[in-house]
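Going down the list, the protein sequences come from chains A and B. Residues 1 to 301 (the numbering used here) are what the first sequence spells out, left to right. Residues 1 to 301 (the numbering used here) are what the second sequence spells out, left to right.
Hints were generated in silico from the structure; no laboratory data involved. Heads up, a few of these hints could be off.
Unchecked claim - For lysine to aspartate or glutamate, the following EDC-like pairs were computed, each having C-alpha atoms within a straight-line distance of at most 20 Å: (1) A:Lys107 with B:Asp104; (2) B:Lys216 with B:Asp248; (3) B:Lys225 with B:Glu174; (4) A:Lys216 with B:Asp89.
These figures come from a predicted structure and were not determined experimentally.
There are 2 protein chains.
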Amino acid sequence: MDATLSYLDQLIGAGLLIPTGVDGLYGRSGTFEDVICRFEALVTAEGGRDNPEVIRFPPAMTRRQLETSGYMKSFPQLAGTVHSFCGGDHDHMELLAALDSGEDWTKGQEPTDIALTPAACYPIYPMVAAQGPLPPEGRLFDVQSYCFRHEPSADPARMQLFRMREYVRLGTAEQVQAFRAGWIKRAEGIIGALRLPYDVVPANDPFFGRAGKMMKVNQRDQGLKLEMVIPVANPQPTACLSFNYHQDHFAGTWGVQLADGGPGHTACVGFGLERIALALFKHHGFDPRDWPTDVRGLLWG
Amino acid sequence: MDATLSYLDQLIGAGLLIPTGVDGLYGRSGTFEDVICRFEALVTAEGGRDNPEVIRFPPAMTRRQLETSGYMKSFPQLAGTVHSFCGGDHDHMELLAALDSGEDWTKGQEPTDIALTPAACYPIYPMVAAQGPLPPEGRLFDVQSYCFRHEPSADPARMQLFRMREYVRLGTAEQVQAFRAGWIKRAEGIIGALRLPYDVVPANDPFFGRAGKMMKVNQRDQGLKLEMVIPVANPQPTACLSFNYHQDHFAGTWGVQLADGGPGHTACVGFGLERIALALFKHHGFDPRDWPTDVRGLLWG
Chain A
1 MDATLSYLDQ LIGAGLLIPT GVDGLYGRSG TFEDVICRFE ALVTAEGGRD NPEVIRFPPA
61 MTRRQLETSG YMKSFPQLAG TVHSFCGGDH DHMELLAALD SGEDWTKGQE PTDIALTPAA
121 CYPIYPMVAA QGPLPPEGRL FDVQSYCFRH EPSADPARMQ LFRMREYVRL GTAEQVQAFR
181 AGWIKRAEGI IGALRLPYDV VPANDPFFGR AGKMMKVNQR DQGLKLEMVI PVANPQPTAC
241 LSFNYHQDHF AGTWGVQLAD GGPGHTACVG FGLERIALAL FKHHGFDPRD WPTDVRGLLW
301 G
Chain B
1 MDATLSYLDQ LIGAGLLIPT GVDGLYGRSG TFEDVICRFE ALVTAEGGRD NPEVIRFPPA
61 MTRRQLETSG YMKSFPQLAG TVHSFCGGDH DHMELLAALD SGEDWTKGQE PTDIALTPAA
121 CYPIYPMVAA QGPLPPEGRL FDVQSYCFRH EPSADPARMQ LFRMREYVRL GTAEQVQAFR
181 AGWIKRAEGI IGALRLPYDV VPANDPFFGR AGKMMKVNQR DQGLKLEMVI PVANPQPTAC
241 LSFNYHQDHF AGTWGVQLAD GGPGHTACVG FGLERIALAL FKHHGFDPRD WPTDVRGLLW
301 G
C-alpha cells in the first residue's frame, strides 16, 4: 500500500470500493461483499446458538415511528426523510424546467410516510410493543439492515449508508444486562480470533447541540454505551461494535412491557459491518487469499 | 389459507411479513429471507457461469446521477429523494415545537446529495462510463439492491421497498440482444423448475403523465421490455422478472462507449426477489418444509 495515498484512495485503487462522487456513498466489490457475508456467518454461528427470532426490515421505517422514537430530538442532523413528487402534468413541467435551468427542482418534493433507518434495531421496538407484553424469558432478535446517517466524510469508515448487524434483547434489567455482558466476551473472542487489535471503551452517542452535551456526559458516566474500537483509517481507532443498554427508555417510548406489566428493559449489540471489513483489509491486506491461514479458516473454512 | 382474508393479511397472519402501519413497507421473517437467499443462490449458480463482475451498491445513488439519468422526466412520481435537517440549535427548537404540536416539521428538511435507487442497475451505467470504453467482449455485471418506488399499495407484490437482483450487459447490439434472449430461456428454466406457472409477455414501464403515453406504446411496440408474469396476489398475474433492451439509451445519457468509440448498447434482466418469494409461498404454501420435494431440492439441496 502506498503510504502517500489515503486509505480511501487505496481502497478505491484496489477496486474494493467504487466512488460515486458523493463522500460516504460507495459501491462494493464482490470481494468486499464476500468478506461481509463470511463475517456475518461467523456472527450467526455464535449468536444463532441462542435461537433468536430472525427479522429483516428494509432500510427504512415509517416517518411516524421516527418521530415517536425521539430520534429527531437527539440526532436531527443524522436522520433522512424520503420525499417524492406528488403533482400532476403541470407541476411536472415546472420540475423539468427547473432541472433544465439548473435551479433547485426539489422544492416541490413532498415528504412521504417513509424515513431511512438510523439503526437496524429501531423498527423492532414498536413491533414488539404492538405484539403485547414480553414472555417471562423475554425476547431476542437477530436483525440487519442498511442504515443512513447524514454525515458526509472522506473517512471510509464513516459512510452515509452502511450495514449494521444487531442482536436485540428485551426483558428484565437482569436479563438484558447479562446479554450485554455476554456479548462483550463473545465479541472479544470473535474479533481476537480474527487477529484484529481492539479495545473496549466507554462511549456516547453524538447527541445534537447544546442540550445534547449533558446527555453525552450522562450516557458515558452511567456506562450505558460501550464500544469496541479498532484502528482502521485514522490514528484514533474506530468504533466497530457497540454494546448498548437502554434501561427502560423504549418502555417509555413504545410501551415495551414485561409479563407483569412492568417496564421492559432493552439492550443491543451492533456490528458495523463495513467498518469490520475495512479493519480486516487494513490489518491483513487487500487480497483475502493472503490473509493469515487461521483467519481464512475461520471465515472460509 | 382463509379465502376471506386478502393474501397480504394471510402473509401477516403467518408471520412471513410484519406490518409497519405504512402500505408497502414490511418486515420479513427469517423464513421469508431464507427463501430469497436460496433463490438468489439458484440464480447465481446459473448466472455465475458467465463470470460476471459482482458489484453491490447501497440502496441509494447520488441525486446528481438521478437527475442525469432522466428518471425525473419519465417516472417522477416513483422517485425518492433523501432530505435532512441542516440547521442549528434555534432551528432545532422550532422543529421540536412543530413536532410537539403536530404541525409539519419537515419544512426545514433540506435535500441531501442522495436519492433512493429506483432500479438496481442504475448506478452501474455512470460507473462504467467513467471507467472508459468497453473492451471488445463488452462487460457483464451482477448487481442487487433494495430499490424504492413511491407507490403505496395494499398489494403485497407492490412494495415501496423491495430487492431487485439483476444481470446487466453492456456491449454491441448483437452482444446485448443475445444476452437478453439467453436469459429469457434461462429464466424459463429456473421458474419452470420451481413449478411456478408463468408467461412471458410484452410490457412497458409506467411512464408519467400525458407525454408518457406515447413512450409506453413505443416501448411495447418495439419489444424493448418483456416481463415474466406469475399469478401472485391478484387475478391478473404479476411481473416477477423483466428483460430490458435499452438500445443505446445509456450511451446518450452517460457516454457508454464501445472500444471503437461507437455507442454502447445495454440490456438487463431483473429478478423481483420479493415477488418471486411471494409467488413461491402462494403456489406451494406458507411452510417451505411442505413444498414439493423437487422444489425443495433445488433451493435447499
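Hint by hint, here is what the structure shows:
no.: 1; hint: A:Lys107 with B:Asp104; result: 15 Å, holds
no.: 2; hint: B:Lys216 with B:Asp248; result: 18 Å, holds
no.: 3; hint: B:Lys225 with B:Glu174; result: 16 Å, holds
no.: 4; hint: A:Lys216 with B:Asp89; result: 16 Å, holds
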